[in-house]
Amino acid sequence: EAGVVQSPRYKIIEKKQPVAFWCNPISGHNTLYWYLQNLGQGPELLIRYENEEAVDDSQLPKDRFSAERLKGVDSTLKIQPAELGDSAVYLCASSLKGNTIYFGEGSWLTVV
Amino acid sequence: LAKTTQPISMDSYEGQEVNITCSHNNIATNDYITWYQQFPSQGPRFIIQGYKTKVTNEVASLFIPADRKSSTLSLPRVSLSDTAVYYCLVGLQGGKLIFGQGTELSVKP
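Heads up: the protein sequence lines correspond to chains A and B, in order. Counting in this note's numbering, the first sequence runs from 1 upward without gaps. Counting in this note's numbering, the second sequence runs from 1001 upward without gaps.
Where hints are given, some of them may not hold.
[Stated by the list, open to error] Residues of chain B clear of chain A, computed beta-carbon distances all greater than 10 angstroms:
hint, residue
1, E1014
2, N1025
3, L1097
4, G1100
[As the list claims (entries may be wrong)] In silico DSS-like cross-links for lysine-lysine, where the CA-CA straight-line distance does not exceed 25 angstroms:
hint, chain 1, residue 1, chain 2, residue 2
5, B, K1096, A, K71
6, B, K1003, B, K1108
7, B, K1069, B, K1003
8, B, K1003, B, K1052
9, A, K62, B, K1054
10, B, K1069, B, K1052
11, B, K1054, B, K1069
12, B, K1096, B, K1052
13, A, K97, B, K1108
14, A, K15, A, K71
15, A, K78, A, K62
16, B, K1003, A, K78
17, A, K71, B, K1052
18, A, K71, A, K97
19, A, K16, A, K97
20, A, K16, A, K71
21, A, K62, A, K16
22, B, K1069, A, K78
23, A, K97, B, K1052
24, B, K1108, B, K1052
25, A, K78, A, K15
Calculated directly from the structure, the hints in this document are not laboratory data. Quick caveat: nothing in here was measured; it's all calculated off a predicted structure. Each residue gets a CB set at the ideal place from its N, CA and C atoms; glycine is no exception.
Take these sequences, add in the hints, and give me the full structure.
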């Protein structure tokens, strides 16, 4: 069974440029999460979806970050414009409601 | 959500048993205790989850005392490949997970 798939794996962009990350959750998982992980720290939740509905986006910086999960499967996280402080790992995770949460390998962003 | 406290780092040698204890004094009645392992350049990987007493799988054991205010992850006979960061989390099963800084385990030959 395929795990959570994320792309791109690595991305380097200049500040003020836009960037987008894509996530394909485990088949059948209705809950999808985006986490941000800074170096040396644990992951922090940005947004959680139940199917196509964002049920918790309280930690998402909405001035520059946006996310969507239009058909309740794949999801995209966008940053526009990117800032130097956005350099981090963006982790996608999924779960079947009420069960174990599985993470992808992450998308590593470097803003220069 | 209950806050967790765990040691920042631990050292061990190959073949030893490693026990990592996590404190969660404010755990709620419906909360589960979950442990994740994370290697550099990878996403966190689920290790084990429990509610009370003892849970064991092919990778680890989880010991939870009756008051559930702490838990201990036990890794039997660690190898170099067990060097990683281990996170203890408390929350509703399948719900929001709040990560702390984790415990950086270093296994030496």
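Hints, one by one, checked against the model:
1. E1014: holds, 25 angstroms
2. N1025: holds, 19 angstroms
3. L1097: The assertion about L1097 of chain B is violated, with a minimum of 6 angstroms to chain A.
4. G1100: violated, 5 angstroms
5. B:K1096 / A:K71: This hinted pair holds, its Cα atoms lying about 22 angstroms apart.
6. B:K1003 / B:K1108: violated, 30 angstroms
7. B:K1069 / B:K1003: The given pair, whose Cα atoms are some 11 angstroms apart, holds under the 25 angstroms limit.
8. B:K1003 / B:K1052: At roughly 18 angstroms apart (the allowed maximum being 25 angstroms), K1052 of chain B and K1003 of chain B satisfy the hint.
9. A:K62 / B:K1054: violated, 42 angstroms
10. B:K1069 / B:K1052: Distance ~10 angstroms between K1069 of chain B and K1052 of chain B Cα, so the pair holds.
11. B:K1054 / B:K1069: holds, 14 angstroms
12. B:K1096 / B:K1052: holds, 20 angstroms
13. A:K97 / B:K1108: Not OK: K97 of chain A and K1108 of chain B at ~39 angstroms, beyond 25 angstroms, violated.
14. A:K15 / A:K71: Violated, at about 31 angstroms.
15. A:K78 / A:K62: holds, 10 angstroms
16. B:K1003 / A:K78: Cα-Cα ~30 angstroms, so violated.
17. A:K71 / B:K1052: Outside the cut-off at roughly 38 angstroms; violated.
18. A:K71 / A:K97: holds, 17 angstroms
19. A:K16 / A:K97: violated, 37 angstroms
20. A:K16 / A:K71: violated, 29 angstroms
21. A:K62 / A:K16: holds, 16 angstroms
22. B:K1069 / A:K78: violated, 39 angstroms
23. A:K97 / B:K1052: holds, 21 angstroms
24. B:K1108 / B:K1052: It is violated: about 32 angstroms lies between the C-alpha atoms, which goes past 25 angstroms.
25. A:K78 / A:K15: holds, 14 angstroms
Hints 3, 4, 6, 9, 13, 14, 16, 17, 19, 20, 22 and 24, counting from the list given before, are not met by this structure.
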